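Enquirer: Chain by chain, the residues:
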Amino acid sequence: MIQTTSSPSRAPLVALVVVGAILLLLPLVIADRPFELRMATLVLLFATMGQGWNVLGGYGGQISIGHGLYFGLGAYTSAVLSVKFGVNPWLGLPLAILVPTLYAVAIGIPCFRLRGHYFVIATLVVAESMFQVFTVWDWVGAAIGLELPVRPDGWLNFQFHRDKTPYYYLALGLLAVVTFGIWRMGQSRLGFLLRAVRDDEEALRSLGFSPQVYKSIAMAISAAILGAAGVFHTQYVLFVDPFSVLGLHLSVLVALFAILGGAGTLFGPILGAAILVPLSEYSRVAFSGSGRNVDLLIYGFLIMVIAVYRPDGVIGWLSRSAGSRRRAGASMKGQGQ
Amino acid sequence: MSEQLIIQLLVSGLGMGFIFALIAIGLTLIYGVMGVVNFAHGEFIMLGMYATYLAYVTWGVDPVLSLPLVVALMFCFGLVVYYVLIRRVLQGSMQSQIFATFGLMVFLQAAAQFVMGADYFAVRNSWLSGVVKLDGVVLPVPHIAAVVGASLATVLLYLLVFRTSVGRQLRAASQDAQAAATLGINGSLMYAFAWGIGAACVGVAASLLANFYYIFPRVGAVFVLLAYVAVALGGFGSIHGALLAGVLIGLMQVVIGFFVSSELKYVPVYLLYLAVVLVRPRGLFGRS
Chain A
1 MIQTTSSPSR APLVALVVVG AILLLLPLVI ADRPFELRMA TLVLLFATMG
51 QGWNVLGGYG GQISIGHGLY FGLGAYTSAV LSVKFGVNPW LGLPLAILVP
101 TLYAVAIGIP CFRLRGHYFV IATLVVAESM FQVFTVWDWV GAAIGLELPV
151 RPDGWLNFQF HRDKTPYYYL ALGLLAVVTF GIWRMGQSRL GFLLRAVRDD
201 EEALRSLGFS PQVYKSIAMA ISAAILGAAG VFHTQYVLFV DPFSVLGLHL
251 SVLVALFAIL GGAGTLFGPI LGAAILVPLS EYSRVAFSGS GRNVDLLIYG
301 FLIMVIAVYR PDGVIGWLSR SAGSRRRAGA SMKGQGQ
Chain B
1001 MSEQLIIQLL VSGLGMGFIF ALIAIGLTLI YGVMGVVNFA HGEFIMLGMY
1051 ATYLAYVTWG VDPVLSLPLV VALMFCFGLV VYYVLIRRVL QGSMQSQIFA
1101 TFGLMVFLQA AAQFVMGADY FAVRNSWLSG VVKLDGVVLP VPHIAAVVGA
1151 SLATVLLYLL VFRTSVGRQL RAASQDAQAA ATLGINGSLM YAFAWGIGAA
1201 CVGVAASLLA NFYYIFPRVG AVFVLLAYVA VALGGFGSIH GALLAGVLIG
1251 LMQVVIGFFV SSELKYVPVY LLYLAVVLVR PRGLFGRS
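Chain order of the listed sequences is A and B. Taking our numbering, the leading residue of the first sequence gets 1, the next gets one more, and so forth. Taking our numbering, the leading residue of the second sequence gets 1001, the next gets one more, and so forth.
Hints are computed from structural coordinates only; laboratory data are not their basis. Note that this is a predicted model, so its numbers are computed, not measured. Accuracy of the hints is not assured; some may be wrong.
Calculated cross-link-like contacts (lysine to any residue; reagent style SDA-like; alpha-carbon spacing at most 20 Å) [as the list claims (entries may be wrong)]: (1) 1265/B with 132/A; (2) 1133/B with 1144/B; (3) 84/A with 95/A; (4) 1265/B with 243/A; (5) 1133/B with 1265/B; (6) 84/A with 145/A; (7) 1265/B with 138/A; (8) 84/A with 159/A; (9) 1265/B with 133/A; (10) 1133/B with 1011/B; (11) 164/A with 151/A; (12) 1265/B with 142/A; (13) 1265/B with 159/A; (14) 84/A with 156/A; (15) 1133/B with 1003/B; (16) 1265/B with 248/A; (17) 1265/B with 35/A; (18) 1265/B with 1011/B; (19) 1265/B with 135/A; (20) 1133/B with 1007/B; (21) 1265/B with 151/A; (22) 164/A with 35/A; (23) 164/A with 39/A; (24) 1265/B with 1005/B; (25) 1265/B with 143/A; (26) 164/A with 278/A; (27) 1265/B with 1009/B.
Make the full structure from the sequences, and use the hints.
Expert: Okay, structure coming up:
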């Protein structure tokens, strides 16, 4: 018993290597199964978005229900550059990340003056106004959206028509880079200060730090990640419209993935996306054609159950039950002696 | 621009304004008493509208007559939501409260679509339909009914909250829950009551809206977002603030919708909200 539980510090590393290997090799199994491949790609994409949300919402404790906005701005910038100016998606990438980042920082200036629910409502309002502007803005296709020109297959054009596996690896690469970056951030001074913003803003202020500055930095990182995910989405589906990239449901989902998995934890958003995306996709298929939204029925119910019984997310639950097992083992050992 | 036009805009603006105000007062009452924002508030509107519609088409009960019934039903629904869901997250963090009501929002929307489908319904030829012509002014009856009904409901609500013993207890619980408890006020009962009354307010708004607005699973989102803005603009927990901001927003969106653009009529409202909280982060009447 002691042997099996005595190396908890190495367990995450082993798990990481195993999960990493599975993710790398997964396309070998599902490359010729479009449904599964698409779903796996979506899991990676949503996990990336959840990671982005987590920087501000999880580490920084600023709950935003408007993060779909930065995803949408990245997606639209990429689409506009491609459609209107014929810019290669790779060359457009920096600008498509910069636009949502700058917008987010600008928005942060008024919004970070607000606390608690005032902040939540403000993020909602900002995102919703932008959604409404995009639905009437003719230059970007208004409610109909923009369709990207189809270019020859290949890495240069960021378009893969026959075999969609490269999209999977691109999404995996993006998630890996983002997760690594957030891991480093979590251990750095910035990560420490961000958690301090979440836990006790006044204490941080009394030490001479400006919470506003660290919130803005978190917002910028967060929006940049969402923007990059938006670029990927545009190139993946070759289409943008207000509902699919700026809709309110996206903002809610992104926050939900992070919170279900465990807000403020490194792997929470990944776990959240890995549970919820397949659940939604499979239930949609199982009840397809009924047009009755059974997947959302299950979703809503699940969200309530989690909010009531597992408010600190799946990760918190796992680590707590692992902790109590360890404690049980230790006390047993104590009794044995 | 003519006098007739001003009157028409004023009536429909006030009609929408009082409806927003009722929805917002329900929200702010719940928030004031226990610090929870009900993100499923829009779905309460949707349920009230479906109830009004179903009473009309299945039993032929006119919305005017079914209004008390819908209000009573929504009051009970508010109690159920409190006892089944909200009570369990009261001790939790803000994020678990947000997500409990968000889950309820998603669930109710999906449930409505599951039962009724995604089709749009409308209450046709009810008693409160058609127009009134007075001196060249054409006023839709449902708008007049909205002004009269919603302002009447607001007055009754004010009497309930500020002139009755239950209202005093509610306000006491919202000002200081612990002190209220030492005075023998049952906090949990007051919480439940706040949810009941909050939902009942929405019931009035929904019943009036059903006379002139389409009914579909996502209809709540249209109204509730502006109600959130009204609550934040007025100051979370402030009933006066919600009333004033609700009426202001109703007038604003009708005037802007007429003169500028009907698609963008909400954007200036949002900008106004952001401008106000930039100066006063607690809203117009919020407590700090």
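Enquirer: What's the verdict on residue 1265/B and residue 35/A, does the C-alpha distance respect the 20 Å limit or exceed it?
Expert: Given that 20 Å is the threshold and the Cα spacing comes to 41 Å, the pair is violated.
Enquirer: With the threshold set at 20 Å, check whether the alpha-carbon distance from residue 1265/B to residue 1005/B stays at or below it.
Expert: Holds, at roughly 18 Å.
Enquirer: Taken at face value, is the distance from the CA of residue 243/A to the CA of residue 1265/B at most 20 Å?
Expert: holds (18 Å)
Enquirer: Need the status of pair residue 1265/B, residue 1009/B: alpha-carbon distance at most 20 Å?
Expert: holds (14 Å)
Enquirer: Does the structure keep residue 1133/B and residue 1003/B at a Cα separation of 20 Å or less?
Expert: At roughly 14 Å apart (the allowed maximum being 20 Å), residue 1003/B and residue 1133/B satisfy the hint.
Enquirer: For residue 1265/B and residue 159/A, compute the direct alpha-carbon distance and say whether it is at most 20 Å.
Expert: Violated: residue 1265/B and residue 159/A sit about 39 Å apart, past 20 Å.
Enquirer: Checking one constraint from the list: CA of residue 164/A to CA of residue 278/A, max 20 Å. Satisfied?
Expert: This hinted pair holds, its Cα atoms lying about 18 Å apart.
Enquirer: If you draw a straight line from the CA of residue 1265/B to the CA of residue 1011/B, is it 20 Å or shorter?
Expert: holds (17 Å)
Enquirer: Are the Cα positions of residue 1133/B and residue 1011/B separated by 20 Å at most?
Expert: At roughly 13 Å apart (the allowed maximum being 20 Å), residue 1011/B and residue 1133/B satisfy the hint.
Enquirer: Sort out whether residue 159/A lies within 20 Å of residue 84/A, counting only the CA atoms.
Expert: Status holds; Cα separation ~18 Å.
Enquirer: Measure nothing beyond the straight line between the CA atoms of residue 1265/B and residue 151/A; if it is 20 Å or shorter, mark the hint as holding.
Expert: violated (39 Å)
Enquirer: So if I understand the rule, the pair passes when the alpha-carbon distance is 20 Å or less; does residue 1133/B with residue 1007/B pass?
Expert: Since the Cα atoms of residue 1133/B and residue 1007/B sit roughly 12 Å apart, the hinted pair holds (cutoff 20 Å).
The structure shown violates the earlier hints numbered 5, 13, 17 and 21.
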